[in-house]
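Same order as they appear, the protein sequences are chains A and B.
Every letter in the first sequence is one number past the one before it in the numbering used here, and letter 30, counting from 1, is 939.
Every letter in the second sequence is one number past the one before it in the numbering used here, and letter 37, counting from 1, is 130.
Honestly, I wouldn't trust all of these hints.
[To be verified] Label pairs and their in silico Cβ distance ranges: (1) A/Arg911 to B/Leu345: 36 to 46 angstroms; (2) A/Asp1182 to B/Leu156: 45 to 55 angstroms; (3) B/Phe319 to A/Leu944: 47 to 57 angstroms; (4) A/Leu1040 to B/Phe319: 54 to 64 angstroms; (5) B/Ala337 to A/Arg1256: 53 to 63 angstroms; (6) B/Val213 to A/Gly1110: 38 to 48 angstroms; (7) B/Trp225 to A/Arg1224: 25 to 35 angstroms; (8) A/Gly1083 to B/Phe353: 22 to 32 angstroms; (9) B/Leu101 to A/Pro1148: 44 to 54 angstroms; (10) B/Val395 to A/Arg917: 30 to 40 angstroms; (11) A/Gly1227 to B/Leu345: 47 to 57 angstroms; (12) A/Ala1225 to B/Glu212: 10 to 20 angstroms; (13) B/Ala394 to A/Leu1040: 35 to 45 angstroms.
[Said to hold, decoys possible] Listed below are several chain A residues computed to face chain B (Cβ distance under 8 angstroms; list not exhaustive): (14) Ile936; (15) Leu941; (16) Leu1045; (17) Val1051; (18) Phe1062; (19) Gly1074; (20) Leu1076; (21) Ala1175; (22) Ile1235; (23) Val1245.
Honestly, the hints are just simulated from the structure, not real lab data.
Even for Gly, the Cβ is constructed at its ideal location relative to N, Cα and C.
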Amino acid sequence: MRLEPVVRPTSLRTLGLPALALAATVIFASGLAALAGAAPLSVLGLIVEGAVGSRFALLETLNRATPLIFTGLAVAVAFRAKLWNIGAEAQLYLGAVATVVLGTGYLGWPAALLLPTLALAAIACGAVALLVPTFLKTRFGVDEVVTTLLLNFVVLLFVSMLLEGPLKDPMGLGWPKSARLVEEARLPRIVEGLRLHWGFGLALICAGAVWVIQTRTIWGYEMRAVGMNAEAAHFAGVPVRATLIRTAILSGGLAALAGFSEVAGAKGSLTLDLSPGFGYTGIIVAMLALLNPLGVVVAALFVAGVFVGADSMSRAAGVPTYLADILLATALLSMVLAIMLTRFRVRRG
Amino acid sequence: MTEIVDILLSASFWAAAIRIASPLIFAAMGELICERAGVLNLGIEGIMVTGAFAGWMAVYSGLSLWPGVGVALLAGMGFGLLHAVLTVPFGLSQHVVGLGITLLATAATYFAYRLALPEVTSPPKIAAFTEWPVPILSDLPLLGPALFTQTPLTYAAFATAGIVALVLWRTPLGLAIRAAGENPSAVAAQGLSVTGLRMGAVIVGSGLMAVGGAFLTMSAFDSFFFEMVNGRGWICIALVVFGAWKPGKTLLGAVLFAAFDALQVRLQQTPLGAEVPYQIFLMAPYILSILALVVMSRRAAVPAALMVPFNRGER
Chain A
910 MRLEPVVRPT
920 SLRTLGLPAL
930 ALAATVIFAS
940 GLAALAGAAP
950 LSVLGLIVEG
960 AVGSRFALLE
970 TLNRATPLIF
980 TGLAVAVAFR
990 AKLWNIGAEA
1000 QLYLGAVATV
1010 VLGTGYLGWP
1020 AALLLPTLAL
1030 AAIACGAVAL
1040 LVPTFLKTRF
1050 GVDEVVTTLL
1060 LNFVVLLFVS
1070 MLLEGPLKDP
1080 MGLGWPKSAR
1090 LVEEARLPRI
1100 VEGLRLHWGF
1110 GLALICAGAV
1120 WVIQTRTIWG
1130 YEMRAVGMNA
1140 EAAHFAGVPV
1150 RATLIRTAIL
1160 SGGLAALAGF
1170 SEVAGAKGSL
1180 TLDLSPGFGY
1190 TGIIVAMLAL
1200 LNPLGVVVAA
1210 LFVAGVFVGA
1220 DSMSRAAGVP
1230 TYLADILLAT
1240 ALLSMVLAIM
1250 LTRFRVRRG
Chain B
94 MTEIVDILLS
104 ASFWAAAIRI
114 ASPLIFAAMG
124 ELICERAGVL
134 NLGIEGIMVT
144 GAFAGWMAVY
154 SGLSLWPGVG
164 VALLAGMGFG
174 LLHAVLTVPF
184 GLSQHVVGLG
194 ITLLATAATY
204 FAYRLALPEV
214 TSPPKIAAFT
224 EWPVPILSDL
234 PLLGPALFTQ
244 TPLTYAAFAT
254 AGIVALVLWR
264 TPLGLAIRAA
274 GENPSAVAAQ
284 GLSVTGLRMG
294 AVIVGSGLMA
304 VGGAFLTMSA
314 FDSFFFEMVN
324 GRGWICIALV
334 VFGAWKPGKT
344 LLGAVLFAAF
354 DALQVRLQQT
364 PLGAEVPYQI
374 FLMAPYILSI
384 LALVVMSRRA
394 AVPAALMVPF
404 NRGER
């Protein structure tokens, strides 16, 4: 078989194939649910209900989507420039560390001053975490997939060390947990009385800002040019190394904001389970969004909904919650295939 | 310092190093085959999880040990087939597909484990491979316990590395596989199928990764735990780069890495270990891997067509 470009894809093709991919995913997940002894359709219903069925569920989904928007954006901007950042998890934790170091009473500033400082400190830490692999890539030609991946383990151990040492909460009864942030360092709620905090608002603002950067600025153009063909970009006068460094700062900073938002908004302190793999899930979010910053918001809401919904489904129907991961992995793989097939046609021979 | 010397001179240390290296050798050889043919397989971590479970589950449900290894191999080849179809003929992003496969394989395995053993709190044990001392050779000082008093799967790991080297560099098939990763157009000009070679390499390579995973449940431990692969797959990707895509050097890298891992466990129990946080010891192998990559990258011989899809939408 070979692939042949489709010059002008019909709208049936561009909409139908992704829809088919989602349908295939749903059927596959239903089959697995049946295997687990539950009625397939009821399981899917329970997932939807658990994700958006009540005000509580909906807010939970928005809360869960918040860090995913940040990490999804981080991955999307990096992948667009073909900087393969698999280290959003590490950048997230370093952002959280920065937030905790400065936000637990060390600085006695008012919130209007303290919160931006914490966010900037987080961004700086996350940026450095990606600048090191980027430097190794541009200077020595070391593959950043491997280095960013390995750094995730290093950083997590580093955080564990901090939580059992200098950052340990003296009141924590021996549990590896940081002290709580001071009140001025907490992100306020969007609506008083609801759990949703301004981290969500910040995530939406970031998505808009990244969209503007990518589509309306020379920077954005240069990042895309480097991603499409670094050699051609260099030939055309794009400063490739500088562009990669800018991309790394933006990507690492965005991932670190996920850590800032989780600590300052949702949790109030740092523990080792701050992120159940938000950095890795960000890759799925970014791919489902086709690396489009506004699409990241939609994809993050979808992915968060699947996780939140699957959690409540698991409690109600007794189907293992790993179904959520299977569903997302299948959605990811079938979606990238479907999107490719909107642009290429399979020919025999 | 004397503690380190003592450790390095003890036979049990080297025996542990070889044991720890074995799963890495299997999986790294699998990754090496894939990359030599031009496909980066980031599914390795998940495929190892699947292999660990499939082999263990097969034995737990009554199969004997070697057929159990076969089941793990087949399970890995199944995910390899999926990876190969998506990345080779369809030319999808190898990063995305690989990470997708890792997520899918890991989640599917945990799902299957929960379905098979819903109520278990502590995982049941199987009668795993036992040590099989090689006559005479196992009596050698230091080398005997390290190299020749191991389980059969460890011998198989070393044999696999030899076979991979032999096939890749001494057979026409190996030449074709390497060429598929260096210059696929030339392979196609010879009338050979780049697609076939790459798919075959990914499927066989993924099978080996799964056997590496199965080593954990069938030879190192005797039951299956969540998180038991714990980043070993990612380490193998680093080992292949470290080994400059050559089996011998990759094997050496695996043994060095394992020796370091065995050393850090022992150092934690010395007075030095009481002073330094244990996380430093656990971090060291990863930092060492990164440093090794920096050093090796100067004369790296990356397969020229690695990660480049062949003939997508061309002709």
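Unsatisfied constraints (hint numbers, rising): 2, 3, 4, 5, 7, 13, 14, 20 and 21
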